[in-house]
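Just so you know, the protein sequences line up as chains A and B, in that order.
In this text, residue positions in the first sequence follow my numbering: the first is 1, and each later residue adds one.
In this text, residue positions in the second sequence follow my numbering: the first is 1, and each later residue adds one.
These are computed hints drawn from the structure, not numbers from a lab.
Just so you know, even glycine gets a beta-carbon here, dropped at the ideal spot from N, CA and C.
Treat the hints with care, as some may be off.
[What the hints assert, rightly or not] These stretches of chain A come out as covered by chain B in the derived footprint (C-beta under 8 angstroms, 3 or more residues): (1) 250-258; (2) 273-287; (3) 545-559.
[Claimed, not checked] Which stretches of chain B does chain A cover? Using the computed rule of at least three CB atoms under 8 angstroms from a CB of chain A, they are: (4) 37-49; (5) 125-134; (6) 178-185.
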Amino acid sequence: VGSEDPFAVRTSALIAPEAVSAFFLSDSLSVSNGEYTLRFRGTCDGEPMPQGRFGRPVAGSASVLWQATGRLATWTLSGVPVPVRVGDDFDLVASLELTVAPQSSSRGRIEVQATLSDEAPFMRPVEGTPLVLPLSWRKPDQLPAQVIGPATSNGRRLELDASIPQGHLGRWRFLLAGSANCAPMLARAQRTSHAECLARADAAWQARRRHAAEVRLGDPRVEQAVDDALLVLMGCTERRSGHLRPIGNPFQYRDTWIRDAARQISALSQWGDDVDARELAISLLEFRSDAGDIMSQPGQLDGTGEVMWALDEAFSRGCEAALPDSALRAIVLGWHWCERQRDLVRRWVPRFSGLMPPANPRDNELVPGYLFSTDAWTVAGYRAGVDVAIRAGKTALADSIGGDLREYLQAISSRLRARPGHDIPAAWSGSARHWGELSALYPTGAVQASDAVAAGLLALIQADSASRGLATYGSPDSLHTYLGADLATSALVLDRPDLWRAALSRMLSWRTATGGAPELFSASSRSFGGNLPPHAASAAAFLVLLRQGLVFDGIGDTLRLTTGTRSEWWTNGGACSGFATRWGPVDLSFKSTGDKAEWTWSPVPVWTELTLPPRSRQARAIGAGLRSRGAMHLLAPPGATHAEVTCVPE
Amino acid sequence: VRSRVIAVVCALYSIMSGAGCRATTSSSLATPFATVPGPTGNPAVDYARALQLQRSGQHLASVPFFRSVSRASPRDGGLHLDYGVALHNESIQTDVTRGAVRFVVPCSDERARLRRESLVELRTAIALAATDEDRAYAWSVDSRLLEIMGRPLEAREALERALVIRPDEPALLDAYARLNRTLYVRADLAAQRAALAGAHTRAGDSRTSHWPVP
């Protein structure tokens, strides 16, 4: 299961929620834990093992299958992530099974070389001095082995050979430790068969997966992409000493960046995994300074607003748990810190009055200066502050933050209107690479829709080319897999669902066969270099894009259903359950039959806007209390649960 | 005191230059059973060891020694300053392992904790400073750390406190001009200098010069 991998090098990943290590797989054929790499080479009657492709053994599996078919044999590698407990942490063992099935024309003479090397395509971060174990196919004296193969050998190269009769399989099992710390667990893992490991891993993932929402759209590619993206989101977490934390990527930057983590938390929350979202959001409070700012990386001043926003995202969507007092206190201190910064800017730098101070993120915008992202995310943080204060019954606090929010929005709006062309800049103080301004409407709400339209906000994803729907970063050849996703989501409220559909298609296309999206890649060479997939923010962007298309609660006080859909979802009949919205959990089903479109959804205490199937317009509304909003939309009153409408082609 | 001043100056230079990047190859990695001797409990010995480690860019290793010395003399502001700088340097120390640059403290939340603790130590150093000179210097270090942490406004505030005490110090004025550029402050430096000089209360002695030659 899995679509064709479009990248120059085909890759996959063995990851598991909460595990502190992961395995990177690359065609053909190697497996690495960031400390060492195991490379497979083989022949069947002299024919080399060919290049293959990755996928999942079945839909919804957390395991990986690689398969290559030559003239004389079919080669298969099954890879299973096996979590093992090491002290308070979860580490990972990879259970690998290499299978060779000779074709009828073959004599079945198989040779396999499994070679270890201490080079790796990424480096696993290690606290202090790395623990180094000898790398060999024979267990070293008094030390645990890092790898176990079907035979032993002195040194790093293991030669295996067999004569396989026709109709039979050659089968070899390997176990790899994700880190030196879990090497002692290999011997125990060896007692469980590979098939049993596979069954347990898939069962464990399915149990975890059940916490999140389900979609049934009659579109297997999208449904598999959802499963893969959820695995990436939950797999880009690690539990250390009992504490769960988000990581941006399981490989080359296995660390927390608030810029990524806030997206990850929001996506998990939107997809109903509120338990993980809450724990991850609380973990971000570790970044708080005594002054009240919250930064994971020095100079990224947007972090404070992002954490305030992420806390609200995690605790506001149909969540029964109350925001802990410590988190509310952090939000208040964050607001105080930001207001103090803005006050100092007013006093010392009147030309930037009303804004946050200059930031130097050494990332994304790539320049120091007064960055729009700092202001946009601070605004999002203030909105979150108002929301959590209201829910906590602290009306005076909500009023105070709300007053600052209105003044802040006014300051931004005035500045934008004073700019020639009314554009929204990446930096107020000069040029910078596109970043924070792309989040100006969704999700930060730093500008009004009218300002976004006046600024031509969607231009970056409107290119009339094969990359339409994705944004480029820096070079026109560098496509970014999630940079344009906020624009595509904003397009839903700017009546440009065509851009949303284009973004969804591109994001589905530019993924590995097991659903991992890199952050950036070259459109011409299809290479992502050392920035290896999967990327948590890319997975989050895909899930949020899809979720907000089906059930939109990102902006405003109206629930919007089916704002972004594909025609075939209507004819197949679409259903989703378990989406967490700001007005409670929402299940939705929708379908079109002949000229009739209908929706059934969970009642909410606000108005619901329904959008018709693509390329159709409303002929006649059916149902009490429904109102038209233009030719494409209906409005249903609070508490409504069903609507039908007769449509005609646009 | 002299050696401590030199150490702090060295540390500041290493902060400015990115906290020293050491190369480690797989052949030089420690065995699983290798151990590094910790503090002895003798403040003089531990302090000498801390300085030696700091000068060689091994901030991670120096921190336990600075911590030990600082706890042995909790009223010595200079030791808190040393310890604070060491904590900060640990948060930005990198090395090269298998050809890749890495933070020696790999988790960003742990690095944030080090940054937080470093500022606490700096504020303790400021509160315990024995002389105006020491206090001005501690404020200037506090300012530099805040600047590196990406908090330029608070860095400027801290630097102004140092300038109130030492309005003519060239190193402080250079840093002030740099922060003004970062913040896009259109400053009339002469006027600001005069204002700061007016606020200066000349109390305490100034026997030791901390300031590097600009």
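Handout entry: Contradicted hints - numbers only
Key = Those not satisfied are hints 3, 4 and 5.
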